[in-house]
Structures are given as C-alpha cells and as structure tokens.
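**Q** Read off the chains here:
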Amino acid sequence: MANNKCKSCGSCGFPIEQPEDFALGNIVSLYCRYCTDEQGRLLPYEKILQANTQFYIDSQGISADAAENMAKDLLATMPAWERR
Amino acid sequence: MKALNRKEQKEQTRQKLIATSLRVFATQNISATNTAELAKYAKVSHGTIFLHFPTRDDLLFAVIDEFGNQLAASFDEAARTSKGVIGILKAHLKTLKEFEGVYTHLVIELPHLPRKVRSRFFIVQAAISHRIYTEIEQEIKLGKIKNIEQHKLFNTWIALLHYYMANKELFCGKQSIISSVGNELLKHFLTLIKR
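Here the protein sequences come in this chain order: A and B. Residue 59 in our numbering is what sits at position 59 of the first sequence, and the numbering runs on without skipping anything. In our numbering, each residue carries its 1-based index in the second sequence increased by 84.
A few of these clues could be false.
What the hints assert, rightly or not - As a list, the in silico DMTMM-like pairs of lysine to aspartate or glutamate whose alpha-carbon atoms are at most 25 Å apart:
1. B:K200 to A:D65
2. B:K178 to B:E121
3. B:K178 to B:E150
4. A:K7 to B:E223
5. B:K200 to A:D73
6. B:K200 to A:E82
7. B:K94 to A:D73
If you are wondering where the hints come from, they were derived from the structure by calculation, not from laboratory data.
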C-alpha cells in the first residue's frame with residue numbers, strides 16, 4: 001500500500017497497514033483479518049470487545065474496567081456494531 | 085477535464101470537509117469550534133456537513149482516522165525499508181509532524197472530548213504502541229534493548245512527545261516542535277531503553 005493512505009477496520013478500528021491484514025487478504029473488505037474467521041465472516045461482538053479491551057490494556061496500561069468501557073464506546077461508533 | 089460523477093463529487097466534498105477540519109483544528113480549539121464555522125471555512129452550507137457526518141463526533145472520528153491511516157502508511161513504508169526500531173520511531177515522528185497542530189489540540193483537549201472520540205484516539209495509539217513494540221520485541225530478544233513491558237515502553241515514548249508538544253511555545257515558539265526536538269527525543273528515548 002505504498003504511497004496510499006491506509007484504511008481502518010470497520011469492526012475494531014485498527015488502521016490496516018498491509019493488504020494481507022484485510023479479511024481474506026482482500027483490500028476491498030471492510031474488516032481486518034483479526035475480526036473475521038477463515039471464511040471472512042465477522043466474529044461475534046463479544047470476541048471483538050474482549051480483543052479491543054486487551055489491546056487497550058497491553059498497549060497503554062489502561063485499567064481493565066476503563067479499557068472495557070473504552071472498547072464499548074469505540075465499538076458503538078464502528079460500522080460493524082453501531083446498529084447493534 | 086472529466087466531469088465528476090455524483091459518487092466522486094460526494095467523496096470530494098467529504099475529503100474537503102476532513103481537510104478543512106484538519107486545517108482549522110491545527111490552529112484553534114477543537115471543543116470551541118462548531119460545525120457552522122467549519123462549513124464557513126469549507127465554503128459549503130451548514131447542512132452539507134451533516135449529509136457527510138451525521139454528528140460532530142463523526143467528523144472528529146474521520147479526522148482521527150485520517151491521522152491513523154496516514155501513520156499506518158508511514159509505518160508500512162518504514163517496514164519496507166527495514167530500518168528497525170529507529171525507522172519506526174522516525175515514521176511516527178514524520179506523521180506527527182504532518183499532523184502536529186491538530187494532534188497537539190487532540191492531546192491537550194482529550195480529557196474534555198466526548199468518550200467516543202477519546203476511545204477512537206486511544207485505539208490509534210494502541211495500534212502505534214503495537215507497531216513499535218513489534219519492532220522493539222525483536223531487539224529485546226537479541227538483548228539489545230531492556231526487557232520492558234509494552235505499555236511502559238510506549239507510555240515513556242509518548243509522554244516525552246506529548247510533554248514537548250503540549251508546551252511547545254516554551255521550547256521553540258511558533259516553530260514545529262517535532263522539527264526542533266524530535267531527533268533529540270528519539271536519541272534520548274533510545275538511551276533510556278538500550279542495554
């Protein structure tokens with residue numbers, strides 16, 4: 001994706017750096033490979049919530065409660081989950 | 085010149101609104117800037133903003149995503165040139181410099197911005213932390229860098245940057261703080277984490 005702006009995953013919000021990080025390696029996919037299964041289907045909300053909570057904790061040392069609330073706030077803004 | 089179709093025009097207006105917001109938020113408070121002002125700067129009607137961004141928060145998400153996506157592109161470029169930890173940290177500085185004004189306002193105003201906006205900012209920071217640590221982890225295994233937890237490493241780096249950015253007028257007046265002290269901070273951070 002050299003010289004192009006990258007996209008963010010429409011489920012977890014992570015910027016997607018490499019083409020292979022899109023679901024099924026398909027750059028038109030709305031989601032990243034971490035939010036989808038081997039068929040490219042979106043994983044359940046609870047799994048994404050848990051993964052995002054852990055990302056906040058590991059990356060910045062945010063407390064577990066604050067990280068979970070932050071992950072809920074984030075997912076509520078994501079195309080995959082905003083109508084949930 | 086080829087006329088733009090409806091979809092292309094819509095995308096062009098969306099990009100214009102994001103670019104205008106980035107420009108305006110680089111010089112004035114995010115919290116104190118309303119959508120009517122942004123519409124005026126972008127030379128569109130107030131209603132046009134809401135066709136593209138149903139709420140003001142949605143526009144802020146797009147601004148944060150713009151930063152995150154540009155950063156991911158810089159990291160991708162750095163990874164392809166294989167310059168290790170220094171390459172990744174330099175890529176971070178490069179993008180911070182490009183977004184310096186708006187990023188500084190985000191950092192200063194973050195505690196007062198809506199929770200959803202904060203969560204969006206922190207997920208981009210999570211991605212940066214993850215990317216930097218992926219690079220540093222290899223050097224920890226080689227014994228070149230101290231075995232420090234990911235969040236402590238990242239928070240040390242980001243604390244240095246944010247302190248200088250939030251107080252930039254004390255260090256370099258109206259100049260870019262990243263241009264003025266970015267390399268110095270990078271060297272200092274490396275001396276802190278190297279064995």
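**Q** Hints the structure violates: just list their numbers, smallest first.
**A** The structure conflicts with hints 2, 4 and 7, although it agrees with all the remaining ones.
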